[in-house]
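Heads up: the sequence lines are chains A and B, in that order. Residue numbers for the first sequence follow the numbering used here, beginning at 1 and rising by one. Residue numbers for the second sequence follow the numbering used here, beginning at 1001 and rising by one.
Just so you know, the hints here were simulated from the structure itself, not pulled from any lab data. You can take every hint at face value.
Derived DSS-like pairs: lysine-lysine, alpha-carbon spacing no greater than 25 Å straight-line: (1) A:Lys393 to B:Lys1141; (2) A:Lys252 to A:Lys284; (3) A:Lys284 to A:Lys294; (4) B:Lys1008 to A:Lys166; (5) A:Lys385 to B:Lys1141; (6) A:Lys166 to A:Lys489; (7) A:Lys243 to A:Lys294; (8) A:Lys489 to B:Lys1008; (9) A:Lys284 to A:Lys297; (10) B:Lys1133 to A:Lys393; (11) A:Lys166 to A:Lys284.
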Amino acid sequence: MFEGLQLFGQAIVSTFTLRALFDALWSTQLGIIIGMLPGLTATMGVALLTTLTFHMAPNNAILILICMYIGAIYGGSRSAILLNIPGTPANAATTVDGYPLALQGKAGKAIGIATTGSFLGSIIGMLAMVVFTPLIGSVALSFQSFEFVWFSIFGIIICGNLTAPKDPLKGWIAGFLGLFVAMIGMEGIHAYVRFSFGSTNLSGGISLIPAMVGAFGFAEIISVMRVERYEVVKTKIDRVFPKLSEVFRYWKTIIRSGIIGTFIGAIPGVGEDIAAWVSYDVAKRGAKPEEREKFGKGSIEGLLASETGNNACVPGAIIPVLTLAIPGSAPAAVLLGAMLIHGVRPGPLIMIEFPTFIYEVVAMVLLATFMMFILGLSMVRPLVKVLQVPRQKLMPVIFILCVVGSFALQARLFDVGVMMVFGILGYTLREMDYPMAPLVLGIILGDILDKNLRRALILSDGNLAPFFTRPICLALFLLTMFIVLSRAKWFRALLAKIFRKNATA
Amino acid sequence: MTERTMTKADLVTSILLIVFSAAVFLISASMPTMAEQNRNPLAAPGIVPGFIGVVLFLLGLAMLIRSVRRGAPAFFAQDRGKPSEVDRSSWGRIALTVGLCLLYALLLGRVWFPLLTFLFVFVFVTAFEYDRKAPAAGQWKVPLFAAILAACTAASVYLVFQYLFLVNLP
Chain A
1 MFEGLQLFGQ AIVSTFTLRA LFDALWSTQL GIIIGMLPGL TATMGVALLT
51 TLTFHMAPNN AILILICMYI GAIYGGSRSA ILLNIPGTPA NAATTVDGYP
101 LALQGKAGKA IGIATTGSFL GSIIGMLAMV VFTPLIGSVA LSFQSFEFVW
151 FSIFGIIICG NLTAPKDPLK GWIAGFLGLF VAMIGMEGIH AYVRFSFGST
201 NLSGGISLIP AMVGAFGFAE IISVMRVERY EVVKTKIDRV FPKLSEVFRY
251 WKTIIRSGII GTFIGAIPGV GEDIAAWVSY DVAKRGAKPE EREKFGKGSI
301 EGLLASETGN NACVPGAIIP VLTLAIPGSA PAAVLLGAML IHGVRPGPLI
351 MIEFPTFIYE VVAMVLLATF MMFILGLSMV RPLVKVLQVP RQKLMPVIFI
401 LCVVGSFALQ ARLFDVGVMM VFGILGYTLR EMDYPMAPLV LGIILGDILD
451 KNLRRALILS DGNLAPFFTR PICLALFLLT MFIVLSRAKW FRALLAKIFR
501 KNATA
Chain B
1001 MTERTMTKAD LVTSILLIVF SAAVFLISAS MPTMAEQNRN PLAAPGIVPG
1051 FIGVVLFLLG LAMLIRSVRR GAPAFFAQDR GKPSEVDRSS WGRIALTVGL
1101 CLLYALLLGR VWFPLLTFLF VFVFVTAFEY DRKAPAAGQW KVPLFAAILA
1151 ACTAASVYLV FQYLFLVNLP
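With the rest of the complex left out, here is chain B (with noise of 0.2 Å):
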């Protein structure tokens, strides 16, 4: 990340910071002391997280000051319709790792598990190491090997859990 990219997203950040950090004071102020129960008011439950909000909301404000006066606004402003910086492909790689474990972890207890993790990591596999510009014909290895490995992690994980660990995987 660039210093201007930076600076633009402390701006952000610390707005959220600022918005999240009231929100913890105001629920830790609107928590019940306890005083009818005859219990110590000093030890009410919202004591600690009120402070952890009021200190988070002062780091926030410090971000905010700073950011401004490094000039955020203004680089905002700048770059409105330019278009982003940031590179593609990594970006592509990102999303891609991001979108399979999701899809994984939404999976898991719907789908059963042996299955689940063979095609996860088959897909994986195969969708970073598939070159699809090259010719297909010379590539037929590709999702040969992926199968084996996903065959393997898929019941050495399962039969190491199951019968060796004695959890009932999902």
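In isolation and in its complexed conformation, chain A is listed as follows (with noise of 0.2 Å):
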């Protein structure tokens, strides 16, 4: 415990230098204003600067990364208030109390209301991060190959569940579809090409980063430019800068909002969206009868559970990240892929292999929260500005930085068709109502469940009863099993009668 506080307090000194201050400013806003470009999503902008950062030493780029990260979920705010479109996804929730708020003339407040909340909930998250990560992390020494071969069916499932909860079968369809494409290349044990048909380039596999620059950057590119234009409300911006008897009225609602987010972080692929709905839902059933009228017409309290919500969530989603090399959300699977290419090895290993970086990466996650606090009470009106860029300006620049960063990693012009293939395919595949996040997932626990079910077939010798004999597996196969089921008419059907005898019993 102690250990963790000097370890935490070195992390702190060796991080916040004058270079990383720097790094930090310009990245969060850069942050921001992606975040609030509608269009632009926090995991195309981590992406896209995952390929532009690579040369810098690991810590500055992930640095940057974890900014832009936290900028953008933050930065999506601005627009969901003053737009009514959310910036990025995750800020859905937020136009909902939002936009009415700016409609009352009280755009500014909203601003500082949004600020304050995803400061806080990002602070909340982070305390998570410092307590749970060592924690997780030592559990996850004892995991064999069963467990996670259970791991990445369980993430897929319930990734695919949650992202898409009108039809999750399309949820699992195109997870599965993920964990194919992570099979094409030659595989880790045997060094066998599979799924190639004779072509070098596809013998090195598909990678992660350009295709998720694909299918969020392209794709996106390509939805943005269907619709004809949007208007900014013109309403004047009064203080900004909230009162903080206003904000901690509401300290229950943040701090539960906090603790879901944070929860629905660590969730495999469950992302800030999902995040922000949900803890926006529980504080309207929990708020008083008064204060729920208000909801959807401009309640600061909605306002406050789904900034909190969302931005708790980002450092929830870094816990799997660095523990079990399972990204939380789709920025944190680009995170993880930019991790990887700088030569850190998240996973169970990580507090032996590198002992000092969880800490490193919570304070980096503490400097980009303030970063994000400072820059987002000033320049509010400056940055408004950006909003009236028009998109046909803007869409073909962000194209050309799409295809020279899927280039720019490996030098390789197969990655910019990479970057085409999955940008046009993701684009069908979202007119479908296909969610995305665990197409993503599946690519990465595509080679965890490859080397994991072998080496477990290998080490019971073909006897599957391990798979759910050992605890946490039944656990998880219990779990999965009843997510997947409890989508069956029938089954919903049978637990009814169950608890209707139970009930007259």
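Mind docking these for me? Both chains are given alone in their own frames, and the hints should help you get the complex.
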């Protein structure tokens, strides 16, 4: 415990250098701008910056990516409040109460509340990171291949279930397609080349970053260019700095949303958008009757819940990245990819191989959070002008960056092709309501599933029993089955019957 | 997308998925087990992709059954010959965006990078901003600003990547 505090203190000292402060300043501001612009998401921002920073030293690059991530998730609240369009999917719940506040002429107040909520959410998430990352890390050390097999399957199933709540079947399909994508190329045990059909490029496999730049960048460009145009609300921005009493009246909501956000962040592949909605929903149910009336018409509590929830999700999503190498959200997936590029190997061994790294990441999150808070409360009026840049001028430039970024990592034109294919495929799938997060999660988990399933089969000599008898395996198996079956009508009918019997008995 | 078109799309995608997953399974099954190299056949390269193929097949089958139950074949029969309901102008914009981007990606490496980038940004901005119905005289600013933006983008991307990030652009 005290050793952890000491390591954290050392990490703060080593992280907060002048260079780091400068990097954090520009990257958080860039993140806020990218988050604000509808069509540019946090995932895209982190993916593009990964390609631009891979020449830097690992710690500088990862700090910049974390700042971009936190800045973008927060920045999306601006356009949610001013345009009624969430700047990133994470801010969809913010529009519900943020935009009505702007219409009432309280845009400045709404921005101030959103900033404070995001700040507090991020701090709560960070505290959870300090406490739980080493804990989960030490538990994860005892995990064997059997557990990792179930983790990858469970991850795909729960991610598909939560990111496509209306039609989880499509979420699962997207997830398993992602697992398949990971199978392309040379496998890690016998170096046998799968599904390459003689192509040298394919035998190297599909790289995660170009695929994500395509699925989140190019696909987004197509869908932004599809619609005509959007209007900025003409509203004067008054006092931005919120009154402390106004915020702390809702301390219960803040803490609750922070915990919900962090927890949802830690679930594989389930990201900020879901965190914000769940936290908004819980806040609405828990609100006093006179406050509940205001939800949807400009409630401060609703706005706080949504913004606290989505920013608390960010550190939450980084916890499984560090301890299990399983990303908690789509931007965290890119972050994981970036760590691997920079030679840091997250996973159960991180506490042994890179013991200070966890605390350095926490210190980076802390720095990014403070930067976001300061930048969020300053320069509000000039930044609104960014929203007036016409998208037909912005999108071609972004596309050039997508192309150059995909190319820059390995200097292969093939990666540009991967980006284009995933963009068009991603757009088509999205039009048919397939979520993108499970697909991305699948690309990462594919390798984990492949190695561990085969390793586990060798360990048990082909015996399937350990997959169901080891305690964590059994729990994950039952959870997975429950999630899948609870979508079937007959199973729900059966459950209802059992519960009714119990109630009458 | 309306629920009707979605059900129709689901039928088509489920059939594609079933064919695809069957192919994945067959290819995986034909992969060597490496047993002749004295390796453990339990770690054969085809095991995991085969498993993924089976799961995708089952998911595709579930979607096929569901879309048939929701009446997709009947929708196809009823809608035959009817004009499609898609909005023309948004399809035009999608086609223009994808077309220009594809052209750029295809020409990459064949045309000098700054020139290609300049042309792409210039054509993209002009194509979306120029209003063919409005008189040409009032719109001379559109290509001018497009050219300025294109020149700035091409120059800055080229210089930053070539000299700051030391990436040899195609």
